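Protein chains: 2
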Amino acid sequence: MLETITSPTLLIDEKICRRNISRMAEKAAKHGMELIPHMKTAQSHIVGEWSREVGIREITVSSLKMASYFSNKGWSTIHIAFPFNPREINAFNELASQQKLSIQLVNPVVTQLVAEKLTSAAGFFIEIDAGYGRTGVPYQQTAIIDEILAAAEKNPLFSFRGFYIHPGHSYYTKDIVGIYEESRLALAELKALYIAKYPTIKTRIGDTPGCSVMDDFGDIDQLGPGNFMFYDVTQVGIGSCSLADIAVALAVPIVDIQVEKGEILVHGGGVHLSKDVLYEPDGSKNYGEVVYLREGAAWEIPKQRSYVKSVSQEHGIIKASDELLQQVSVGDLIGILPIHSCMTADCMKSYYTINGLHIDHAEGAS
Amino acid sequence: MLETITSPTLLIDEKICRRNISRMAEKAAKHGMELIPHMKTAQSHIVGEWSREVGIREITVSSLKMASYFSNKGWSTIHIAFPFNPREINAFNELASQQKLSIQLVNPVVTQLVAEKLTSAAGFFIEIDAGYGRTGVPYQQTAIIDEILAAAEKNPLFSFRGFYIHPGHSYYTKDIVGIYEESRLALAELKALYIAKYPTIKTRIGDTPGCSVMDDFGDIDQLGPGNFMFYDVTQVGIGSCSLADIAVALAVPIVDIQVEKGEILVHGGGVHLSKDVLYEPDGSKNYGEVVYLREGAAWEIPKQRSYVKSVSQEHGIIKASDELLQQVSVGDLIGILPIHSCMTADCMKSYYTINGLHIDHAEGAS
Chain A
0 MLETITSPTL
10 LIDEKICRRN
20 ISRMAEKAAK
30 HGMELIPHMK
40 TAQSHIVGEW
50 SREVGIREIT
60 VSSLKMASYF
70 SNKGWSTIHI
80 AFPFNPREIN
90 AFNELASQQK
100 LSIQLVNPVV
110 TQLVAEKLTS
120 AAGFFIEIDA
130 GYGRTGVPYQ
140 QTAIIDEILA
150 AAEKNPLFSF
160 RGFYIHPGHS
170 YYTKDIVGIY
180 EESRLALAEL
190 KALYIAKYPT
200 IKTRIGDTPG
210 CSVMDDFGDI
220 DQLGPGNFMF
230 YDVTQVGIGS
240 CSLADIAVAL
250 AVPIVDIQVE
260 KGEILVHGGG
270 VHLSKDVLYE
280 PDGSKNYGEV
290 VYLREGAAWE
300 IPKQRSYVKS
310 VSQEHGIIKA
320 SDELLQQVSV
330 GDLIGILPIH
340 SCMTADCMKS
350 YYTINGLHID
360 HAEGAS
Chain B
0 MLETITSPTL
10 LIDEKICRRN
20 ISRMAEKAAK
30 HGMELIPHMK
40 TAQSHIVGEW
50 SREVGIREIT
60 VSSLKMASYF
70 SNKGWSTIHI
80 AFPFNPREIN
90 AFNELASQQK
100 LSIQLVNPVV
110 TQLVAEKLTS
120 AAGFFIEIDA
130 GYGRTGVPYQ
140 QTAIIDEILA
150 AAEKNPLFSF
160 RGFYIHPGHS
170 YYTKDIVGIY
180 EESRLALAEL
190 KALYIAKYPT
200 IKTRIGDTPG
210 CSVMDDFGDI
220 DQLGPGNFMF
230 YDVTQVGIGS
240 CSLADIAVAL
250 AVPIVDIQVE
260 KGEILVHGGG
270 VHLSKDVLYE
280 PDGSKNYGEV
290 VYLREGAAWE
300 IPKQRSYVKS
310 VSQEHGIIKA
320 SDELLQQVSV
330 GDLIGILPIH
340 SCMTADCMKS
350 YYTINGLHID
360 HAEGAS
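Sequence order for the protein chains is A and B. Just so we're aligned, residue 0 is where the first sequence starts under numbering that gives the first Met the number 0, counting upward by one. Just so we're aligned, residue 0 is where the second sequence starts under numbering that gives the first Met the number 0, counting upward by one.
Okay, chain A solo, but in the shape it has when bound (with noise of 0.2 Å):
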């Protein structure tokens, strides 16, 4: 199907994203834990289909256009992971009229609000901030949670699931055994406190790095992540997973060659790539690594390494090695494994298989 590509098309591997979805929900299993993945990053029924086929009956998204998109397509539950947005109450209490949905809450005066005005059974996690810093109520200040639980309860349709933490600082860290060891201590003392008066109540995480790396996760009940889908050059940085685990590559046309500069220009930028960027050992950046890609089969990894050194909105410049300007031609196709897959995902909107199907991507679901 390589030769039907003209533009920058985001290709995935099926086989390696079902790998990635399997090995989570083994690892999930053998624990006693339940996986909710959070399909921010896919953003597909399709890949919610292969999802369900290794026994994921819920899913996390991140707004409410996202839960409409995966509503009413048989998921138990869809929780929304992020602090509810007010604005929204009337939109939501029509989606969770057809679909049952959980919500995010991180302080009293949104609780009280949608306690006001949920007409729709609905339930709630209590985002709890365990280091962060990016949101959450700090793990310590149960008096916020008690004010959060009493404003909830004014509204029987309400329902309390359990506390939700997300420690993003693991994507910033070596320390990934420490951040979560601080994330499982919190929510292992809040079930304490609270498991008593609520006691179908779940705590749950929601981090690559760390659901990728950690193999024990104590006590808590529930895992959340979504990058592991697909993972991306990031991942491979924190040791989360290989450049062999990455499922999705940009497929960009090179447009011009500069043998002299070690430069080739493709098309696909920033607005394709999106601006995510990691920082090479000297200081430069990198946009995205360079895979070759090989009609009907797997992309293949180059010995030598070539990178997206600098991208505009359109443009992308790669910095190759002597085996790519050896191996390619202007007119011909690379693939770009992404930086960051979330962001590439929502800029492309679309993945076609390695085969040729197309696979589906919510639009403009954020």
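There is no bait here: all hints are sound.
The list treats identical chains as interchangeable, and a pair is accepted whether it falls inside one copy or across any two copies.
Pairs of lysine-lysine, DSSO-like flavour, derived with a Cα cap of 30 Å: (1) Lys308 x Lys64; (2) Lys14 x Lys302; (3) Lys318 x Lys64; (4) Lys308 x Lys173; (5) Lys99 x Lys29; (6) Lys99 x Lys116; (7) Lys173 x Lys29; (8) Lys284 x Lys302.
Hints were generated in silico from the structure; no laboratory data involved. As the structure is a prediction and not an experimental result, all values here were calculated from the model.
Chain A is already provided as a structure; the job is to place chain B on it using the hints.
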């Protein structure tokens, strides 16, 4: 119309946008130059109409898909300012049979291929590199230019229109005047060399910082900037414009306020703003500047600055001034002036005027 906004929405201030277009058109006219604006920023038929109203007849785009979006709307020529991608020759031929197009060439290999396969009349510019280093024929290498021209001449449908420079290094310098002089000299030298044989050729230059800051363009014939229609915080930093000239703002709902931390959490992240970033003097990141939104009126630039200090996929965290913290509540909307408006517009793919009118944006035109 603000009360109808429930999720991240890109607002456009028509008055500011029209003023930016008029100013640039007047500047071009004053010097007897032609303005051929780049539509990669706005990607909108309606903004195209606003340009037509001040006399614009020819436009620039950055991809064949974008050319297709703008075709058959009465543009005298649409120039695709990206090194021609030979995999698109069939689609190009089809579009060129309906709409007058010109393309950009940087090497003889692609020129030869196009000359062999071109079936409809089309123009071409040779892209010149006068120092930016991204793409284009280094201006001293007239042997390559001669090869391109010789290859193109084999097809009488193919006509040479001139030389194009995008001096993108003007984004990273304080010496815009120096860069302009470098580009102007290169273009003047090349025009002098080739005008006898090609008497209708023109020279065109295409960056917003230069076109905004410079007043005297010397003997350059045409201006081709794009970002100037919207401008953005990056352009303010360069000195191309003031904050009051930025024509788009992302409306985002406030979902949490942390008064003690001086932080506000909004629904609006990397998938809305893009990951383009500037650095504050203290080294912290800035993903966009906060403005106050006013019902049915222009947004208002706060006296005390607040800005987006971090983004993830859907989250934005505002470093909030005391003034901002006093003015807003959870559930309110605030506006974010983008760091890079081209990327934000491409992420959002739709605009609303401050009076609630929908303004189109091309879908997946990159």
